[in-house]
Amino acid sequence: MTRFLLKRTGQALVVLFLVSLIVFVLLHQLPGGPARAILGPKATPEAIAHFNHLQGYDRSLPVQYGMYLKRLVTGDLGESYKLNQPVFALLTERLPKTLLLTGLSVVLAALLAIPLGILQAVRRGRLSDYVLTGAAFVAYATPVFFLGLVLILGFAQQWPLFPAEAPQAESVGGILAEPAGLVLPVVTMALGIIAMFSRYMRSAVLDNLGEDYVRTARSKGQSQVRVLARHVLRNALIPLAGLLGLYLPTLFSGTLVVESMFNYPGMGLLFWNAAQSNDFPVLLGVTLVVGVATVLGSLLTDLAYAVLDPRIRSVS
Amino acid sequence: MPTTQPPGPVPSGESPLSGEPLPAHEPLLSVEDLHLSIAGRDRAGAERTVHALDGVSLRLAPGEALGLVGESGSGKTMTALSVLGLLPPGARVTSGRVLLEGTDLAAAPDQVLRRIRGEAVGVVFQDPLSSLNPTMTIGAQVAEPLLLHRGVSRAEARERAVETLRLVGLGQPGERMRNYPHQLSGGMRQRVAIAMALVCEPKLLIADEPTTALDVTTQHQILELIGELRERLGMALILVSHDLGVIARRVDRVAVMYAGKVAEQAPVARLFTSPRHRYTQALFDALPERAAGTSRPLATIPGLPPSLTRRPAGCRFAPRCAYATDVCRTEEPAPRPADDEGVHTYACFHPADPAARPAAPGEARPAEDAPASPGTDADVLLDLDDVRREYPLHSSPFTRRRDRRLVSAVAGVSLTVRRGETFGIVGESGCGKSTLGRLAVGMEKPTGGSVRFEGDDLATLDRAHLRAHRRRVQLMFQDSYAAMDPRMRVGAILREPLVVQGVGDRAAQEERVRGLLDEVGLERGAVHRYPHEFSGGQRQRLGLARALALAPSLVVADEPVSALDVSVQAQILNLMRDLQREKGLSYLFISHDLAVVRYLADRVGVMYLGSLVETGPAAEVFARPLHPYTRGLLETADSAVVDSAGETAVDGAPEAGPAEGAGPLAGETPSAADPPSGCRFRTRCPLATELCATTPPEPTAPAGEGHLVRCHFPLVPVAGSAG
Chain A
1 MTRFLLKRTG
11 QALVVLFLVS
21 LIVFVLLHQL
31 PGGPARAILG
41 PKATPEAIAH
51 FNHLQGYDRS
61 LPVQYGMYLK
71 RLVTGDLGES
81 YKLNQPVFAL
91 LTERLPKTLL
101 LTGLSVVLAA
111 LLAIPLGILQ
121 AVRRGRLSDY
131 VLTGAAFVAY
141 ATPVFFLGLV
151 LILGFAQQWP
161 LFPAEAPQAE
171 SVGGILAEPA
181 GLVLPVVTMA
191 LGIIAMFSRY
201 MRSAVLDNLG
211 EDYVRTARSK
221 GQSQVRVLAR
231 HVLRNALIPL
241 AGLLGLYLPT
251 LFSGTLVVES
261 MFNYPGMGLL
271 FWNAAQSNDF
281 PVLLGVTLVV
291 GVATVLGSLL
301 TDLAYAVLDP
311 RIRSVS
Chain B
1 MPTTQPPGPV
11 PSGESPLSGE
21 PLPAHEPLLS
31 VEDLHLSIAG
41 RDRAGAERTV
51 HALDGVSLRL
61 APGEALGLVG
71 ESGSGKTMTA
81 LSVLGLLPPG
91 ARVTSGRVLL
101 EGTDLAAAPD
111 QVLRRIRGEA
121 VGVVFQDPLS
131 SLNPTMTIGA
141 QVAEPLLLHR
151 GVSRAEARER
161 AVETLRLVGL
171 GQPGERMRNY
181 PHQLSGGMRQ
191 RVAIAMALVC
201 EPKLLIADEP
211 TTALDVTTQH
221 QILELIGELR
231 ERLGMALILV
241 SHDLGVIARR
251 VDRVAVMYAG
261 KVAEQAPVAR
271 LFTSPRHRYT
281 QALFDALPER
291 AAGTSRPLAT
301 IPGLPPSLTR
311 RPAGCRFAPR
321 CAYATDVCRT
331 EEPAPRPADD
341 EGVHTYACFH
351 PADPAARPAA
361 PGEARPAEDA
371 PASPGTDADV
381 LLDLDDVRRE
391 YPLHSSPFTR
401 RRDRRLVSAV
411 AGVSLTVRRG
421 ETFGIVGESG
431 CGKSTLGRLA
441 VGMEKPTGGS
451 VRFEGDDLAT
461 LDRAHLRAHR
471 RRVQLMFQDS
481 YAAMDPRMRV
491 GAILREPLVV
501 QGVGDRAAQE
511 ERVRGLLDEV
521 GLERGAVHRY
531 PHEFSGGQRQ
541 RLGLARALAL
551 APSLVVADEP
561 VSALDVSVQA
571 QILNLMRDLQ
581 REKGLSYLFI
591 SHDLAVVRYL
601 ADRVGVMYLG
611 SLVETGPAAE
621 VFARPLHPYT
631 RGLLETADSA
641 VVDSAGETAV
651 DGAPEAGPAE
661 GAGPLAGETP
671 SAADPPSGCR
681 FRTRCPLATE
691 LCATTPPEPT
701 APAGEGHLVR
711 CHFPLVPVAG
721 SAG
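Chains as they are written, first to last, in full-length UniProt numbering: chain A, 1 to 316; chain B, 1 to 723.
Some hints here could point you the wrong way.
As the list claims (entries may be wrong) - Among chain B residues calculated to face chain A with C-beta under 7 Å, some are:
#	residue
1	86
2	130
3	132
4	145
5	336
6	340
Source of the hints: derived by calculation from the structure; they are not laboratory data. The C-beta atom is built at its ideal place from N, Cα and C for all residues, glycine as well.
Sequences and hints are given; from them, build the entire structure.
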């Protein structure tokens with residue numbers, strides 16, 4: 001198990017290095033280079049040359065990459081052009097809030113999707129299965145922005161049960177202090193995840209119910225509920241764990257829409273505003289964070305696999 | 001011995017509750033006129049109902065062992081599983097009763113069945129890997145029935161589980177409790193499954209093909225274990241198997257099933273020596289054991305079992321029966337007693353005459369009767385010289401060189417296949433026989449030694465020549481269905497080799513395909529159909545046709561009949577034999593099945609853990625094995641051959657040889673990643689000495705030329721002890 005962990009972590013480090021390389025290349029693909037982006041279209045060639053010299057942009061690419069890495073390690077991701085704050089500080093302020101939003105959504109989704117998927121598998125071909133399948137497809141097909149609008153119209157305007165704007169507190173604790181404001185953003189995020197996860201859970205449970213070991217479990221005299229709880233659940237969660245890791249990047253693009261819709265002060269909103277104002281250091285900083293999150297997500301997936309499936313543990 | 005009578009009208013009324021004392025003559029289990037149907041859909045999606053069981057009646061006394069034999073689809077598994085209500089989705093008992101100590105389980109609600117499952121009745125299934133939960137320790141799985149039925153504490157359940165694991169012969173059961181199924185070998189997994197079924201000491205054990213997924217030697221150990229435990233625990237047994245050999249020595253009574261009905265029931269020795277039903281008789285005649293060492297073709301049963309979507313009129317076997325008359329086609333035969341005691345019943349209008357049975361069919365004819373061994377040394381087609389093949393284990397670009405471990409799949413095999421002969425390779429799973437087959441075809445490159453075909457060393461052939469070489473050698477697989485593209489029509493599948501090799505124009509290729517279908521006995525219309533539309537035997541015919549498309553001189557057949565029922569297996573073996581005679585083909589025939597190899601092969605090689613321990617003329621090797629492994633294998637194999645005295649005999653009991661070193665093989669094959677030093681068999685060999693651990697034996701021929709053995713202490717027949 002320890003070897004497995006070390007091996008996977010090593011692989012993750014290699015991928016992270018590649019992510020930094022890609023972000024670096026992106027930095028140099030900015031239209032007209034970073035100088036034009038910062039100094040604006042009217043800057044004189046002299047001013048651009050001076051800026052490039054100051055920033056070290058006139059040195060060779062490998063040297064620049066070395067400098068970039070050095071800054072990266074010290075947490076220096078540059079300054080935001082518009083907010084006049086270090087990108088690193090912006091990210092450390094916003095990231096926990098986004099993690100809170102996505103974390104709550106995923107937990108809510110898992111709590112609902114897993115039982116729903118099991119229910120559908122057990123009642124396969126009955127009315128409840130068809131109704132839930134239909135609902136899942138509708139939820140899955142609905143774009144997040146539309147879903148959010150419908151929820152705002154319904155539960156903030158028609159029946160004002162929840163505020164349409166997310167809590168604006170500075171800290172994560174402050175946000176948690178206003179749980180009512182979290183309801184609509186979290187539900188908006190979670191519905192799509194529930195739709196997808198419940199579909200996967202349904203088919204995973206169905207696959208497992210057809211396995212010989214389930215017949216063996218029944219041959220011992222176990223009830224259906226016990227068979228599901230003790231035997232099927234863990235085996236069916238294995239594919240779901242894999243799905244979750246792969247789903248992380250998609251989850252982030254979801255926060256982009258949801259955070260800007262509910263004015264939730266997370267990383268998605270930061271990215272949205274930065275994109276509106278060509279604030280490239282912020283955009284690249286966020287991209288780097290997402291890259292890291294994706295790598296960590298797949299690392300966590302592997303760990304979850306190893307925890308759930310003893311066969312993977314011993315192969316590695 | 002309980003009487004087996006035709007089912008009479010079942011008296012209505014409540015069955016007595018389980019637990020009440022039963023009269024001594026009452027059976028433990030009594031299946032009465034059971035009808036079972038499975039609702040499903042056919043390929044076109046239309047609803048259809050398969051009448052899987054149609055009036056099955058069986059009785060089982062306490063402590064008695066009943067064998068259920070039949071081909072696939074005969075209903076043997078359905079019958080056994082209906083006892084516990086463990087039927088597949090869509091299956092439903094439509095009428096009849098399953099009485100276990102008086103309680104009707106066919107009509108019992110789930111709660112009642114749950115109390116009986118795992119408590120009064122234990123089940124062991126076919127595939128020990130898929131039958132165990134992969135994410136649960138075996139300790140937890142074995143303890144589970146105790147926690148469910150006995151209300152014991154976890155510690156007590158654990159203790160009992162350890163005890164039961166010890167009882168089924170699992171070494172270090174305490175430590176094993178924490179293992180997961182994938183950490184155990186196939187034989188150990190099946191022991192765990194048996195422990196699970198027995199942990200509550202049931203009155204009845206149902207074993208559904210318990211050894212079909214296992215090797216010969218493991219099969220023997222598991223069957224011995226079941227028999228031993230049955231005696232020890234005094235439980236009754238239902239042993240379901242397609243394999244007459246498995247049934248022969250393990251049960252008291254046998255019921256032969258065909259197309260959802262019991263065709264014949266009798267005490268085991270009676271059934272094997274004097275079967276009355278024509279189906280039973282035909283089944284025995286189709287066994288390759290019966291024709292071993294002779295040049296006779298196998299008796300076959302033409303056609304296929306009926307589809308059970310409609311209840312056939314008359315006797316279900318009539319369309320395939322050589323003795324059928326009009327009455328067979330219109331009237332259904334009722335079970336009738338074959339003797340006064342009523343222990344032997346059969347449902348046939350034209351039963352076999354027990355007096356007319358050929359005597360002692362199992363006795364192998366001496367090798368002299370066989371046609372002179374085809375080809376001479378000048379006609380060597382395939383020549384393997386000290387061929388080795390190693391595979392790296394867990395290798396990645398980052399693995400350090402010294403950490404690299406090798407699996408030695410084939411370790412120095414030398415053999416020759418001559419033109420027109422069949423060379424059989426026998427061995428257990430993992431012995432490297434399939435790798436050897438791929439090496440012989442040239443699909444795999446040896447890591448040492450040379451593979452020569454008609455004198456050309458395959459390693460020296462360039463791309464173009466290698467491609468041309470592929471015409472000369474073709475492969476035939478165990479699972480022809482998996483080996484064919486499911487989205488290609490048969491015509492395209494058979495034409496593909498011709499297209500790839502650029503043989504003839506389209507019209508010529510199509511003509512050739514029609515010719516191939518004729519040769520393998522399929523209708524020409526088959527070209528328009530897809531592989532899934534064919535039965536197992538037909539697919540194997542297609543596999544043979546595909547292999548023959550390029551008119552090769554050698555066909556490497558890797559377990560070509562292992563997935564087939566006995567009657568169909570005989571058809572394919574005969575076809576292979578006929579085509580060989582017609583075309584002068586050579587076969588490299590790879591199989592784990594001794595009887596099949598013995599029937600088809602002129603010469604055989606016995607493989608153990610990557611090395612060829614013995615080669616020689618088939619009759620010679622089977623009658624007078626020189627290697628302790630060969631002898632062990634022969635003694636271990638369960639055979640359906642019964643000698644004239646009515647005693648079930650050990651398969652091809654070697655005629656002569658010293659008694660020492662004999663006996664069924666114990667233990668398990670070591671890993672090829674870490675093979676034993678010296679002779680690889682020494683860890684399981686009763687004759688092994690210091691010498692065997694240090695020096696790998698060289699091939700010698702102590703019993704005469706042509707019969708080679710790699711053993712320091714070959715079992716040379718002692719003069720005078722020959723029987």
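Each hint, compared with the structure:
1. 86: holds (6 Å)
2. 130: Check passed: Cβ of residue 130 (chain B) comes within 4 Å of chain A, closer than 7 Å.
3. 132: It holds, given that the least Cβ distance between residue 132 (chain B) and chain A is near 6 Å, below 7 Å.
4. 145: Hint holds; residue 145 (chain B) Cβ to chain A Cβ min 4 Å, cut 7 Å.
5. 336: violated (36 Å)
6. 340: Violated. Min distance 40 Å.
When held up to the earlier numbered hints, the structure conflicts with 5, 6 and fits the remainder.
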